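> Spelled out from the first residue to the last, the chains are:
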Amino acid sequence: KFHKSGHSALPTYVQIPLFEAMTSDHLHLLTGTVNVHTQARTANCAWLMEINHYNPAWINTKTAENLGIEDGDEIEIESEFGVKRLECRAKLTEGIHPKAIFVQHSLGHFAYGGLATKGKYKEYNYETKEEQSEKEVWYAEEEWPGPGAAKDPKGRDIWAWSPNWIIANDEEHTDPIGGEHAWSDTIVKVRKAGGGE
Amino acid sequence: MAEKRYAMVLDLRRCIGCHACHVACKSENEVPFGVFRTHVRYYERGEYPDTKLYFLPVLCNHCKHPACVRVCPTGASWKRDDGIVLVDYDKCIGCKYCMAACPYGVRFIHPEKQVADKCTFCVHRVDAGIAPSCVNTCIGRARIFGDMNDPNSEVAKLIATNPVTVLKPEKGTYPTVFYISNSVKEVE
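If you read the sequences in order, they're chains A and B.
The first sequence begins at 1 in the working numbering and counts up by one.
The second sequence begins at 1001 in the working numbering and counts up by one.
Just so you know, the hints here were simulated from the structure itself, not pulled from any lab data.
Treat the numbers as computed from the prediction; the structure is a model and nothing was measured.
Be aware that one or more of the hints could be misleading.
Unchecked claim - In the DSSO-like style, the derived pairs of lysine-lysine whose C-alpha atoms are separated by at most 30 Å in a straight line are:
id, chain 1, residue 1, chain 2, residue 2
1, A, LYS99, B, LYS1026
2, B, LYS1052, A, LYS91
3, B, LYS1064, A, LYS118
4, B, LYS1171, A, LYS192
5, B, LYS1026, B, LYS1004
6, B, LYS1171, B, LYS1004
7, B, LYS1064, B, LYS1113
8, A, LYS118, B, LYS1026
Turn these sequences into a full structure, and let the hints guide you.
As structure tokens, this is what we get:
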């Protein structure tokens, strides 16, 4: 069946076209989830959001040093796809390859309920069956830079960032057989926000 | 028969840092948002490519010589004969002395009741003869609970056959929450 559709019938190595164009400035954009969230579906679950509600981009300490980025700095991740630019915060870690940058994709919704989108929630009283007025989340002040720090591609305020806006999903750069998006195969340039423009 | 002495063993070789204990505790004890009775701390050590991430679940250590009980001005913090340290919510005035005295920082002020609160080893479950909620839910069986005075119990055997350590032994509190690990010293 693969043979008929023009693909090799046996598993073969095919160079990802984007990687051929990689220069020393480029980093691999990796996306994924952390242990407490299940893909992007649990971003409205209060108990899980309390544990993980902040998704800065992970970047190796040495790479960040070369780029002049410090922990918690605003950075810009630039790719050739989607909205082309993601502004987010950096988290310096030793637990990532120097040529890679990781952004968690479980957060950064713009349509998924109050907790996931705005960081606001309503409590429901099961005894009186009354919904209380909207409250700001209890974890807003801890490490979060404040409302308005994250914007979706249309400029609306949202709770956190999503890397899905800048990954490759056109015909040329997706998996030729399965059609999977380039979840971890997009190459990006990273720089400190505000400078160099 | 000897008196009971409840203890918990945290086998960090088996902990995967999944926070299931954290969520199970909140669900069982109706712990409000923003505070926690048990939590998993993450520590990153080493430089790339020799990086390691250590998980350290923390909870009330139910010490043999609890600092919180000693400083409590109203006698609200008290220790049962079986070693479980509890807070009497009717006596507590919310003065936070115990929070300052606790070397482990596991106490908090309950935002609705305005009293000090902490892990109770799920005393309502233990009295009914079942294990605490976090022990029950732990997917790696990293948390083991039992009577350490009973030589046939699993905790007593684990303590006897493994090099166990406690958090901050220099404080002289003699915790009954034991850690099996070679990493506790590194993260402290």
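> Next step is simple, just say for each hint if it's right about the structure.
Hints versus structure:
1. A/LYS99 with B/LYS1026: Status violated; Cα separation ~39 Å.
2. B/LYS1052 with A/LYS91: Holds, at about 17 Å.
3. B/LYS1064 with A/LYS118: Status violated; Cα separation ~46 Å.
4. B/LYS1171 with A/LYS192: violated (45 Å)
5. B/LYS1026 with B/LYS1004: Cα-Cα ~27 Å, so holds.
6. B/LYS1171 with B/LYS1004: holds (24 Å)
7. B/LYS1064 with B/LYS1113: holds (27 Å)
8. A/LYS118 with B/LYS1026: Answer holds: A/LYS118 to B/LYS1026 is near 24 Å, not above 30 Å.
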